[in-house]
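Trainee: On the provided structure of chain A, position chain B as indicated by the hints.
These are the residues of each chain, in order.
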Amino acid sequence: MPELRDLYQEVILEHSKAPRNYKEPAHTNHKAEGYNPLCGDRFTVYLEMDGDTVRDIGFQGAGCAISKASASMMTQSVKGKTKAEAQKIFARFHDLVTGHTHESDEQLQADLGKLAVFSGVSEFPMRVKCATLAWHTLEAALEGKQEKVSTE
Amino acid sequence: MTASVAIPEKASALDVDKIRRDFPILHTQARGHNLVYLDNAATSQKPQVVIDALVHYYETGNANIHRGVHYLSEKATQDFEEGRAAVQRFINAAHSGEIVFTRGTTEAINLVAQTYGRTHLRAGDEVLITAMEHHSNIVPWQILCEEQGAKLRVAPINDQGELIVEEFAKLLGPKTKIVALSHVSNALGTVNPVKRLIAMAHAKGVPVLVDGAQAVPHIAVDVRDLDADFYAFSAHKMYGPTGIGVLYGKKALLEAMPPYQGGGDMIASVTFEKTTYNKVPHKFEAGTPDMAGVVGLKAAIEYMHAIGIDKIAAHEHDLLEYATEKLSALPGIRVIGTAADKASVLSFVIEDVHPHDIGTILDQEGIAVRTGHHCAQPVMDRFCIPATVRASFAVYNIRAEVDALVAGIRKVEEVFA
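As given, the protein sequences belong to chains A and B, one line each in that order. In terms of the working numbering, the first sequence opens at residue 240 and continues consecutively. In terms of the working numbering, the second sequence opens at residue 20 and continues consecutively.
Quick caveat, the hints were computed from the structure, so don't treat them as lab data. None of these values were measured; they are calculated from a predicted model. Note that beta-carbon positions come from the ideal geometry of N, C-alpha and C, so glycine has one too. Keep in mind that a hint or two might mislead.
[Stated by the list, open to error] Using C-beta positions, here's what the derived DEER-type ranges look like:
#1 B:Asp-36 to A:Met-365: 28 to 36 Å
#2 A:Asp-344 to B:Arg-353: 38 to 46 Å
#3 A:Glu-242 to B:Tyr-90: 54 to 62 Å
[Stated by the list, open to error] Far from chain B, some chain A residues (derived; all Cβ distances over 10 Å):
#4 Arg-259
#5 Asn-260
#6 Thr-267
#7 Lys-270
#8 Asp-291
#9 Lys-318
#10 Gly-319
#11 His-333
#12 Thr-337
#13 His-339
#14 Gln-346
#15 Arg-366
#16 Ser-389
[Said to hold, decoys possible] Per the computed footprint, the stretches of chain A lying under chain B, defined by three or more beta-carbons under 8 Å from a beta-carbon of chain B, are:
#17 245–253
#18 272–286
Chain A on its own, in the form it takes in the complex (with noise of 0.2 Å):
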């Protein structure tokens, strides 16, 4: 039986009470709006982009629990990240939500450092798309996708 506070760790209820990044930074190059129609979670991403690296980073929006936490995290993981270091964080972070990882808490941890705290999730298929929604929002935004994400 999933534990309520393996989904709903400490870390992940401060980062929803307290969104870090939690703005629009002055020289955004690049934005993507990401959104989940079956439970309204919408999302704004906004990237200062140097070059292929992530300058500054920021979101705003309305979400649950699980999807603020997730966003205000990703934006402190990838700043100071190159893109292909974003999209390699979020390929492993999408493992471990999803269940599909095998390798022990220490590699996790050194892959994903504080983003392990999402393992939880992987018990919680329906909220998969929660965690994952702020990610999709990161990656359209890193190839300047003009549409708004959908995780539908």
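Mentor: The following block gives chain B in isolation, referenced to the frame of chain A:
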């Protein structure tokens, strides 16, 4: 959970213990807890008599209808048409030919939009709906309006979630060609004064379609008393099977409407040059219908009649009042939809906690509620919220389940404290 828990059930004319024994699923577990099913506005659970009717049909009565001369086809046709007669009596229609079987409420509304609507709407004409409609009573009309160059007008609701009747009256104008409104709102629980609204529309010569999906499980519906021109509902929200629904239409209107889909059973004769259509209701029932579904719907109607619809309504009203009082007493809770006349539905939000998170935490306690926009995004926008938590009651729910919901909400507060 049983009613023997030490929480007083209101002295009710209903033997709810006995009713609960009729529903096998109520005795299953969810996430290691006894199931507390409060998502009845999405779909109700099915009593054993309905499940048995489906099994019995496939075991002893299955054949295609209106076709074969053989024994089974005759029997299946008879069962099917008896189902139609049962629906006719259920909503007090004048003729069984006024009962068209569809896949559900959604298909029934689309049928009217695409046949009656296409025939009668021209550029500049208007369709009048209300601000509390389910997407299924918005989108078919939007599609129609787009096709015909017509306009969709929306009568507003007040802060309690009640239709503002004066505004409705103002919007009912010379260009209005049809009114479509819900009998009971799925997101707010508001019961609309449909009889009065229909009379207002008729005074202007405008026909009315009533979306009765959330009404028929909870209120005795008499289409002739309401004077509804069209009335749509689904079996699965009233203890019947999924995949079968009803469009009631006044005979003269149905007869004048072109067919919806072409195919077998809806024709009188076919040549490559010319096809003549079958009479109503068969004209609107192309292809092999959900025969088992109709048999199951008939069993559901008989089940509701055996209990008594007024008794069902009284029991659910008691639960709704009890739940509203209990939840309103909790800190940070705001009930969305506080109309004077409500049925079954209790929608709410908790300050600073998203409904999706509430839904997950309640689910861990075995409590099934709906969280989201309930296919009524304009209603959410009206109240400036992205979503609500919705508990909705059926005849088999008990006060102890409301108490379980309250305990679950306390758990939400613990997690998010």
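Trainee: Return holds or violated for the Cβ distance of A:Glu-242 and B:Tyr-90 against the range 54 to 62 Å.
Mentor: Given about 58 Å between the Cβ atoms, the range holds.
Trainee: Starting from the hint 38 to 46 Å, judge whether the C-beta atoms of A:Asp-344 and B:Arg-353 obey it.
Mentor: With Cβ atoms ~41 Å apart, the hint holds.
Trainee: Beyond 10 Å on every Cβ pair: is that true for A:Thr-337 relative to chain B?
Mentor: 17 Å, holds
Trainee: A cut-off of 10 Å on Cβ-Cβ distance, and A:Arg-366 was said to be off the interface with chain B. Does that hold?
Mentor: For A:Arg-366, whose nearest Cβ neighbour in chain B is about 6 Å away, the distance does not exceed 10 Å, so it is violated.
Trainee: Using Cβ atoms and 10 Å as the threshold, tell me whether A:Ser-389 really stays out of contact range of chain B.
Mentor: 14 Å, holds
Trainee: Just want to verify: A:His-339 was marked as not at the interface with chain B; is every Cβ pair farther apart than 10 Å?
Mentor: 21 Å, holds
Trainee: Does A:Gly-319 clear chain B by more than 10 Å, comparing its Cβ with all Cβ atoms of that chain?
Mentor: It holds; A:Gly-319 is separated from chain B by about 30 Å at its closest Cβ, greater than 10 Å.
Trainee: Say whether it holds or is violated: A:Arg-259 keeps its Cβ farther than 10 Å from all Cβ of chain B.
Mentor: 18 Å, holds
Trainee: Beyond 10 Å on every Cβ pair: is that true for A:Asn-260 relative to chain B?
Mentor: 20 Å, holds
Trainee: Between the region 272–286 of chain A and chain B, are there enough contacts, at least three residues with CB-CB distance under 8 Å, for the coverage claim to hold?
Mentor: Held - the region 272–286 of chain A has 5 residues with a Cβ nearer than 8 Å to chain B, which meets the minimum of three.
Trainee: Between the region 245–253 of chain A and chain B, see if three or more residues pass the 8 Å beta-carbon test, and mark the coverage as holds or violated.
Mentor: Result for this restraint: holds, n = 3.
Trainee: Verify this label for me: A:His-333 is non-interface relative to chain B, using a Cβ-Cβ cutoff of 10 Å.
Mentor: Correct as stated: the minimum Cβ-Cβ distance to chain B is 20 Å, above 10 Å.
In this structure, only the earlier hint numbered 15 is contradicted, and the remaining ones agree with it.
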